[in-house]
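**Q** Single-letter residue listing:
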Amino acid sequence: MDTRIDYYPTHEYNGFRFRRGRPMPFGATIVPNGVNFSVFSSAATGCTLVLFQKGESKPVVEIPFPEEFRIGSVYCMIVFDLDEERLEYGYRIDGPWEPEHGHRFDRTKILLDPYAKTVGGRDVWLRPPNWDDIYQHRARLVFEDFDWEADTPLEIPMEDLVIYEMHVRGFTQHPLSGVKHRGTYAGIRDKIPYLKSLGVNCVELMPIFEFDEWENGRRHPETGAWLTNYWGYSTLAFFAPKAGFAATGRLGMQVDELKTLVKDLHRNGIEVILDVVFNHTNEGDHRGPTMSFRGLDNKTYYMLTPGGFYYNFSGCGNTLNCNHPVVRNLVLDCLRYWTAEYHVDGFRFDLASILGRDQNGAPLANPPLLESLAYDPVLARSKLIAEAWDAGGLYQVGSFPAYGRWAEWNGKYRDALRRFLKGEMGVAGEMAARIQGSPDVYPYRGPTASVNFVTCHDGFTLSDLVSYNDKHNEANGEYNNDGANDNNSWNHGAEGETDDPEIARLRRRQIKNAVTLLMLSQGVPMLLMGDEFGRTQRGNNNAYCHDNEIAWVDWRLLEQNAELFRYAREVIAFRHAHPVLRRREPFAHADVAASGYPDISFHGTEAWVPDWDGTSRVLAWMLCGKHARVADDYIYVAANAYWDALFFAPPVLPPGMAWHVFANTSMAPPEDIHEVGKEPRLNDGRIMVGPRSLMVLVGR
Amino acid sequence: MTLEIRTADDVAVVMLEGTIDSRTAPALEGQLRDLPAKHAKILISMSAVDFLSSAGLRLLLLLYRQVKSRGGQIALVDVSEDIRDVMSTTGFLQFFTLADTEEHGLAALRAQSA
Chain F
1 MDTRIDYYPT HEYNGFRFRR GRPMPFGATI VPNGVNFSVF SSAATGCTLV
51 LFQKGESKPV VEIPFPEEFR IGSVYCMIVF DLDEERLEYG YRIDGPWEPE
101 HGHRFDRTKI LLDPYAKTVG GRDVWLRPPN WDDIYQHRAR LVFEDFDWEA
151 DTPLEIPMED LVIYEMHVRG FTQHPLSGVK HRGTYAGIRD KIPYLKSLGV
201 NCVELMPIFE FDEWENGRRH PETGAWLTNY WGYSTLAFFA PKAGFAATGR
251 LGMQVDELKT LVKDLHRNGI EVILDVVFNH TNEGDHRGPT MSFRGLDNKT
301 YYMLTPGGFY YNFSGCGNTL NCNHPVVRNL VLDCLRYWTA EYHVDGFRFD
351 LASILGRDQN GAPLANPPLL ESLAYDPVLA RSKLIAEAWD AGGLYQVGSF
401 PAYGRWAEWN GKYRDALRRF LKGEMGVAGE MAARIQGSPD VYPYRGPTAS
451 VNFVTCHDGF TLSDLVSYND KHNEANGEYN NDGANDNNSW NHGAEGETDD
501 PEIARLRRRQ IKNAVTLLML SQGVPMLLMG DEFGRTQRGN NNAYCHDNEI
551 AWVDWRLLEQ NAELFRYARE VIAFRHAHPV LRRREPFAHA DVAASGYPDI
601 SFHGTEAWVP DWDGTSRVLA WMLCGKHARV ADDYIYVAAN AYWDALFFAP
651 PVLPPGMAWH VFANTSMAPP EDIHEVGKEP RLNDGRIMVG PRSLMVLVGR
Chain V
1 MTLEIRTADD VAVVMLEGTI DSRTAPALEG QLRDLPAKHA KILISMSAVD
51 FLSSAGLRLL LLLYRQVKSR GGQIALVDVS EDIRDVMSTT GFLQFFTLAD
101 TEEHGLAALR AQSA
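Line by line, the protein sequences are chains F and V.
To convert, note that position 492 of the first sequence is 492 in my numbering; the numbers rise steadily by one, no gaps.
To convert, note that position 81 of the second sequence is 81 in my numbering; the numbers rise steadily by one, no gaps.
Honestly, the hints are just simulated from the structure, not real lab data.
Since the structure is predicted, the reported quantities are computational estimates derived from the model, not experimental observations.
Incorrect hints may appear among the rest.
[What the hints assert, rightly or not] Here are the computed lysine to aspartate or glutamate pairs in the EDC-like style, where the Cα-Cα straight-line distance is at most 16 Å:
id	chain 1	residue 1	chain 2	residue 2
1	F	LYS412	F	ASP458
2	F	LYS180	V	GLU81
3	F	LYS299	F	ASP285
4	F	LYS54	F	ASP83
5	F	LYS299	F	ASP376
6	F	LYS54	F	ASP123
7	F	LYS180	V	ASP82
8	F	LYS299	F	GLU84
9	V	LYS68	F	ASP147
10	F	LYS54	V	ASP21
11	F	LYS180	V	ASP85
12	F	LYS412	F	GLU430
13	F	LYS54	F	GLU84
14	V	LYS68	F	GLU149
15	F	LYS422	F	GLU84
Extracted from the complex, chain F is given alone in its bound form (with noise of 0.2 Å):
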């Protein structure tokens, strides 16, 4: 017996039974004996819920809400008796098509909850879907009942991470990866044992809201092949995960696949952030198909022009409102959805700029929504991490209203290390900055707020960044029009593959010393996934497009390139063993330990005397472990960016101290790195650093 007396039909419309609903929360909810539908519009006339039979292509049932059944501009209805799991539903809308007043209503159109928790239509990768069908993008229910166990969210402190960023589908979807479900969760759960050799502790999936990977699909030019939405960067529905990156997908179980992963990522100790697009939705500009927001209430979802035509920040033809405040309740309701109820740990935010403008598209000195995240009470220990720009041309990095949580990724770090690693004159003064958490940039939020990397989806992979000077975009189909042009890369004297041994060997050691450099930073260090063997885009620096080998993870390479793995391995797991590594604080240039030397300290060639001359391509830095959180070894790193070989006299150790070497990049394997804890003794009081290399030493 249910124990609400309130339970039960009042109406009934062609068999099928309802009442009035509740107005919250938004979307499909399944209570006692039925649904709870709940829809808002703000300029709606009339809404009608639409149900369909799983995959049946015409619906079963049509029913118009009651003009009773609507509370202030939200409809909700109570459907009873309905099979949750072959249960499709949309919505029609009635309302104005007045596009000069943003209304562009259209009840010819089946449209999709904005809330949707599960979408069914491309259930398989790229299985050609039915382009006749009246309802592309189907709701559906998911049971939200998973048995998570004893799992939360880890809860990794900001500056012990080590993020890895990658591409569901691209992690395994490669023929050689050795998984049993290539290009899905279940793939990436198969892999967790590599990753933990790896050393990383937090996986950050490029976007997994659900997404139509044949939106934009078109032939190359030329060669023919097709090229597809492979990166995902266009949101469908921002509660419902990728069924198509799910071996289950093609059973609707895409929900249950995905939990398991972050279940077992985290019994790994391996956290997970999710890369979000809130700054636009996948249905375009005025041209663009009318799906779900824009049929729903295109004013208030969208920013529109005096005109009623659409903001376009985004470089994607729309761009969602996110400061009005329905729209920001959404973009809340969202990530509280993804914190609790799929444990994830964090989110990365694409282009975040616009989520700091206001309707009219001005940035705002203090938006609503970031200070609304960042005081969410549910979100209250996850890491929001904000990509500090956007298409409109705001460039906030440093500058993002951050409330004390906000991480970046900070953009300076990467091109200065390129800069640096490439030997230009005079970059040694911004990369003592940039290695100590860019104090210049975040002078009060510390060098947790800075998300470090040399590459990241959007660009060339490392060992592409070290064998091109161009990028090599002719199979997007564009004439090598896309990407950036300005990627500080270079191809250490061959455009591409070589079989010369000596640039083969140079740009070897050119990717250990980003790496290391990478790790010894302070700041949350990123590894773009693949980074740490050697994976290659062919010199294609904005591979979107290719779900091919352009952008898979060949893990032939693993194998072939086990002395780059080897390296990054080790380096990593010499962060995680040092937390001098790991400031919360920034340095206070000061011996505030009473150590005897200050927290860092910078040198030449000569100790104490560093060299920040124009000319110079010297960087020497020393870290004091007697300032870390706890009592630590001391950290001394000479990099030489010069073509020669160079001396470096690292500082005298207190009395009863020696220095070991950890590192030397210009040494062939297995002496370019050493064990934490194996690192032999240094009997010398000079260190020769060979021709662009670096040494690590470290002192106890």
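Following the hints, position chain V against chain F.
**A** Relative to the frame of chain F, chain V by itself:
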């Protein structure tokens, strides 16, 4: 969907046949409801189950939870490769004792202290 229950010593042996989804699960749940109170050990033969939907998997897990809360044991026998794969991918498999044959399943249940 058909169901047959018999006992082997103190173990309830449940033979399932057909498809378990949202259409068949509620009736099945009704038939299995009293079982955990009567038997501490339950063996479910899956050889004739051709498909388990999300609702079907949840029915099994619900049964597992009920048995477990009473300190009992549950074993699944002769699970097809397909179903086993789906159960593994969606995280359901880890909860159950698995066996190839009824004989092995009974032995596994006996070996575990209730």
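**Q** Hints first: check each against the structure and report whether it holds.
**A** Hint check:
The suggested pairing of LYS412/F with ASP458/F holds, with an alpha-carbon distance near 15 Å, which does not exceed 16 Å. Between the alpha carbons of LYS180/F and GLU81/V the distance comes to roughly 13 Å, so the proposed pair stays at or under 16 Å and holds. For the hint pairing LYS299/F with ASP285/F, the CA-to-CA distance comes to about 13 Å; that is within 16 Å, so the pair holds. Annotation: proposed proximity of LYS54/F to ASP83/F holds, straight-line Cα distance about 10 Å (limit 16 Å).
The suggested pairing of LYS299/F with ASP376/F is violated, with an alpha-carbon distance near 26 Å, which exceeds 16 Å. Distance restraint check for LYS54/F and ASP123/F: the Cα-Cα separation of roughly 12 Å lies within the 16 Å cut-off, and the hinted pair is therefore satisfied. Under the criterion of a C-alpha separation no larger than 16 Å, the hint pairing LYS180/F with ASP82/V is consistent with the structure, at around 13 Å. Taken as a hint, the LYS299/F and GLU84/F pair is broken in the structure, with Cα atoms around 32 Å apart against an allowance of 16 Å.
For the suggested pair LYS68/V and ASP147/F, the alpha carbons sit about 14 Å apart, so the restraint of at most 16 Å is met. This hinted pair checks out: LYS54/F and ASP21/V have alpha carbons roughly 13 Å apart, not beyond 16 Å. Among the hinted pairs, LYS180/F with ASP85/V is consistent with the structure: their alpha-carbon atoms are about 10 Å apart, no more than 16 Å. Distance check on the hinted pair: LYS412/F and GLU430/F sit about 9 Å apart at the alpha-carbon level, within 16 Å; holds.
Simply put, LYS54/F and GLU84/F have alpha-carbon atoms about 10 Å apart, close enough for the 16 Å limit, and the pair holds. Restraint check for LYS68/V and GLU149/F: satisfied, since their Cα atoms lie roughly 13 Å apart, inside the 16 Å limit. As the CA atoms of LYS422/F and GLU84/F are separated by approximately 59 Å, the hinted pair breaks the 16 Å bound.
In summary, the numbered hints that this structure violates are 5, 8 and 15.
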